[in-house]
Amino acid sequence: MNVAIIARLTVREAFRRKVILGVVLLSLAFIALYALGFHLFRDNYLSLEARRAARTGAGPAPSYAVSASAMVLLGLYTVNFLTGIMTIFAAVGTVAGEIEAGTLDAIVPKPISRWQIITGKYLGFALMLSAYIVLMVCGVALTAHLVGHYGPPHLVHGTLLVILVSMILLSLTMLGSTLFSTMTNGIIVFMLYGVAVTGGLVEQLGTALNSDTMVRIGVGSSILLPSDSMWRLASYVVQPSLAISFIGPNPLGTTVPPSDRAVHYSIVYCVMLVIGSVLVFQRRDL
Amino acid sequence: MSESVSQLSDVAIDASSNKPAIELRGLRKVFRDQVAVDNLTLSVDYGEVFGFLGPNGAGKTTSIKMLMGLVYPTSGQARLLGRKLGDRVARRQIGYLPELFRFHEWLTGREFLDLHGRLYGMNEAERRKRIPDVLALVDLTAYAHKKIGTYSKGMQQRIGLAQALINSPRLVFLDEPTSALDPLGRRDVRAILARLRGEGVTVFLNSHLLSEVELSSDRVAIIDHGRVAATGRVHDLLARDLRVEFRLGSLPADLLSELAKLVEVEQVVEGQRTVVMARAASEEAVAAAVDLLSRQRVPVYGVTPERRSLEDVFVDVVAPAREAGR
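Going line by line, the protein sequences match chains R and C. For the first sequence, the working numbering gives the first residue as 2, with consecutive numbering after it. For the second sequence, the working numbering gives the first residue as 367, with consecutive numbering after it.
Hints were generated in silico from the structure; no laboratory data involved. Accuracy of the hints is not assured; some may be wrong.
To spell it out: a stretch of chain R is covered by chain C in this simulated footprint if at least three of its residues, at any positions, have a beta carbon under 8 Å from a beta carbon of chain C; those stretches are [claimed, not checked]: (1) 3-12; (2) 106-113; (3) 274-287.
Label pairs and their in silico Cβ distance ranges [unchecked claim]: (4) Arg553/C / Phe82/R: 52 to 62 Å; (5) Gly392/C / Arg262/R: 44 to 54 Å; (6) Val272/R / Ser577/C: 52 to 62 Å; (7) Gly392/C / Met184/R: 34 to 44 Å.
Glycine residues also receive a C-beta, built at the ideal position from the N, C-alpha and C atoms.
Same shape as in the complex, but just chain R:
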């Protein structure tokens, strides 16, 4: 019950502070822009195809799915990136900010356990972020279907992985918020996020250049923060195999998907970080 009260309070705060309104408006703008981009892409692609067919007399090329898949990948990458940033910004001060402001002074003495405060906040953010991701992925998929006449495979699996990316960042940000001030936490989490993204890029380059050292750097960064590796797995599952082999190693995706063990690691990572947040907050003087 107390967990639900705090989760409700967290969601309510996001609505009241007009965070949701701002996010919805900007997301609608993104979807509109994405739809326009997809439309222009398809028009250009089809006219190029028509010219090529007229020139060579050959039938339609099978590469439309590859290009459309790249457009979907671009859309999902943007959703993943925006959600990642939003996760960090939303949760960076959720505990530290309340301690700094003193608002927890009236909450903690109530008949509520500290673990319920942390779990409630986590649940509130997790619900909002998951709902946002589902809506945004639906927006991208609908655009691909209606404008691009293309349907990406394994969309549910991919969506769950993008949600996992957000939960990884949320867990890390929550732990940081129980340990550090809002500003310090923001800097640390953003730096780690940057390390994870850069590590992922280094790993892709390593794959392309056949460099074990570079791949190991990427794997190391995935252990530190597995958000990028889970995104790459998401990108792998939502592309047809033809597109993966055609595009090859690239900044947005991968040709070598992380294993099931990496997914299990990420889930355990989230759970451990949330438990860590509870333990730190439980012992902390306010």
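Mind docking chain C on chain R? Use the hints.
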């Protein structure tokens, strides 16, 4: 649920017994190498309004924060309503207004009280009945629908007081409850304290406004450097070390030395009337002095006790320690 009800009745048993509502034994808090509270030992009975005084940095707020579960004691024991610190059944019957009151500004006054009612485990019917009552109590009914962010400091303190009382608590901790209030607001808080006392609610009051504590409290403790430097009933503290002016007729020297055995004579001014300035340990000592003078047929034209305030007591207790520390 049934367990909660039985536990609640346990607390009721505690109240009817002689156990105090607040019991602290050797409570200590050390932040790194800084001792904030050192061996704090005191008890407050059920139904008392207890003033908790001390200079800045004496450890008052840290002490209250320990009792509220915001700060963990380094050592020592504390029981509230007969239960260990953090006990959830006890917490359901405790209200708290923090010193630095900051609340969720994006909530309206009514939503804020509803949130805290929920946290106390009050059901919807209880909240619907209680919220208008506490809003009226703190005179914020007309502002219930407005966001707390739009409230003045004084209004925020009053809504904070309302959340501390939303659960009809049996024990209330008020940390500087009038710091942001104007004189009218302070008078309202005094009336609320009187009402709480009438209802048998135990109040633990930390305030810098000593005149207010003097008016509202049954007993006080003055703490300094994290320890209790003085404690007692307000009346007794004010009566202790009384200054008295005797206006007398002629006073023989041997009688003056007899008088000096009962009160500490500081000054004697001879004139048309003999004026003796003295310090007495208690009101009883003054009565004994008057009795002596009457028996010896010395005309007593006037006995004027100098009205001491709690501030005088406070200064007497705290100033010597401060001087010694310099």
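Checked hints:
1. 3-12: Satisfied; 3 residues make the cut.
2. 106-113: The restraint on the stretch 106-113 of chain R holds, since 8 of its residues have a Cβ under 8 Å from chain C and three suffice.
3. 274-287: That given contact holds, which follows from 3 residues of the stretch 274-287 of chain R lying within Cβ reach (below 8 Å) of chain C.
4. Arg553/C / Phe82/R: 52 to 62 Å: holds (58 Å)
5. Gly392/C / Arg262/R: 44 to 54 Å: holds (53 Å)
6. Val272/R / Ser577/C: 52 to 62 Å: Between Val272/R and Ser577/C, where Cβ atoms are some 56 Å apart, the hint holds.
7. Gly392/C / Met184/R: 34 to 44 Å: The hinted range 34 to 44 Å holds for Gly392/C and Met184/R, with Cβ atoms some 39 Å apart.
Checked against the numbered hints listed earlier, the structure breaks none of them; every hint is satisfied.
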